[in-house]
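**Student:** If you want the building blocks of each chain, they are given just below.
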Amino acid sequence: MIIFKPLRGVKMIYVENKDLVIPGEVLADDDFYSGRGAFKENGKICSSLMGLVSLRNKKLRVIPLKSKYVPKKGDVVIGKVKDVRFSIWDMDINSPYSGILPAFEVFGREKKELNRVFDVGDVLFLRVVEVDEVKKAKLGLKGRGMGKFRGGIIVDIAPTKVPRLIGKKGSMINMIKDKTQCKIVVGQNGLVWVKGDEDMEQLTKDIIHTIEKEAHTSGLTNKIKERLLLEIDGVLPEEEPEEEPVQDDYVELEKPKLQDFKEELEAEEKKEQEAKFMEKMEEFKNKNSDKSISLDDKPKNSLILK
Amino acid sequence: MSEFIRGDGRKYDELRPIKIEAGVLERADGSAYLEVGGNKILVAVYGPRESYIRRLLEPNTGVIRCRYNMAPFSVDDRKRPGPDRRSSEISKITADALRPALMLENYPRSMVDVFIEVIEAEGGTRCAGITAASVALVDAGIPMKDIVVGCAAGKVDDRVVLDLSEKEDKEGQADVPIAMMPRTGEITLLQSDGDLSEEEFQQALALAVEGCKKVSKIQKDALKRKYATG
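Those protein sequence lines, which keep their order, are chains X and G. Quick note: the first sequence uses my numbering, first residue 1, plus one each step. Quick note: the second sequence uses my numbering, first residue 1, plus one each step.
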């Protein structure tokens, strides 16, 4: 299985960029550095994961095909409320490590009843504020768009596939959003929130799973584009897609930028709040008018009860 | 050693036909299905995950826990379901055989659960279980130094042979199951049951190591095949 291929002069490397490797496979002799997913033993660089090789500046890394999410400071994640305790929420963040959301991250100094705000089963969009030495993640809601999701569905994928789902500068995710008219929020822990038309939610779910399954193949963005067009518009456009060299470089997609869903979420929230406010105003007005009536004719108490 | 043919038509250093498939279970983090001779084994791996058994957790690394279980219908006479002395032992030695290969330093206070279910048994299930379990561990994306592989050798009719079948195991004189990391040659499990002279033991060990290397190739092919498309 090992391809013996001297690269860069005399330095020995046995694999090429994006080769599929398995644990224990020898990647290179000395002279190279081992990054994530690789280790050095007896002067040889070996892989410790099943994944794809990434070689840059003599640093060998293996990008895993499957992995669990390990919380990292600054990540944005989607979590589910597992338990409500005295002053914290216990959160399930799709990881071997649970997260906690302290009440003061939400209310500040104010004291409120916790389960009135978020109850067990609620799904929240959070930021990892701090990770302690036992990897317990302290979560916060500071940041735009953070908070509780209303409606929609949750799709889960492997956290390592998240950069692929987002695409270069959000190319993939924006394309899906455009076509399906769904709101999509991707957490770095591999949970994806999708809200839109019911059929579109299902289609988006299917497509996300396809991306997860075929993340290690090249030319995926175009494939997904074609499928979206076929399923939504029913036809493939004749026009020649502009043939820019599609660089589906899985490796370069390591650090996804936050997508621009916050404004949408905020706008929606605002609308809802406004609606609520208006409702309250109406109620208030009605009450007032009720009162005024009741005050006018005192014996008619029944009117208030109505 | 002269060329002779064993009861089931194999040469002394011939393995039974093996089939391994990775990633067969939808809901497990990693899984594998293995057939060797008449053995049918299914392995599921869950984790690294948070564990509710606090006393087992280590503050600086992840831990592995194995459960080997034989289905009641896996043998000719119905086996009483549930753990027994034999399966407890195999559970322990499987965990011990796999542990040296794991690199769980990045997952402190977590636990990896391995469930080995023997659906059909025909001799050599502990080695087959280890072989399948390490494929499932790789499929689960757990960092490992090497893919552990298991294989047995033994003595039948005063001759040292590889990969004993159930009949050979019962009628034979000795059984030496081993597990190893093929890249470095480190042996992680070595058991010996029966009567062997020192020389015979050395022969059996060498034969089992060769067998492990052959099985290791099949393991690797099974893993690469799963993602070879595209």
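These are calculated hints, taken from the structure and not from any lab test. Where a beta carbon is used, it is the ideal one built from N, C-alpha and C, also for glycine. Please note: incorrect hints may appear among the correct ones.
To spell it out: a stretch of chain G is covered by chain X in this simulated footprint if at least three of its residues, at any positions, have a beta carbon under 8 Å from a beta carbon of chain X; those stretches are [claimed, not checked]:
id : stretch
1  : 47-57
2  : 136-150
3  : 155-161
**Student:** What are the numbers of the hints that this structure violates, sorted from low to high?
**Tutor:** 3
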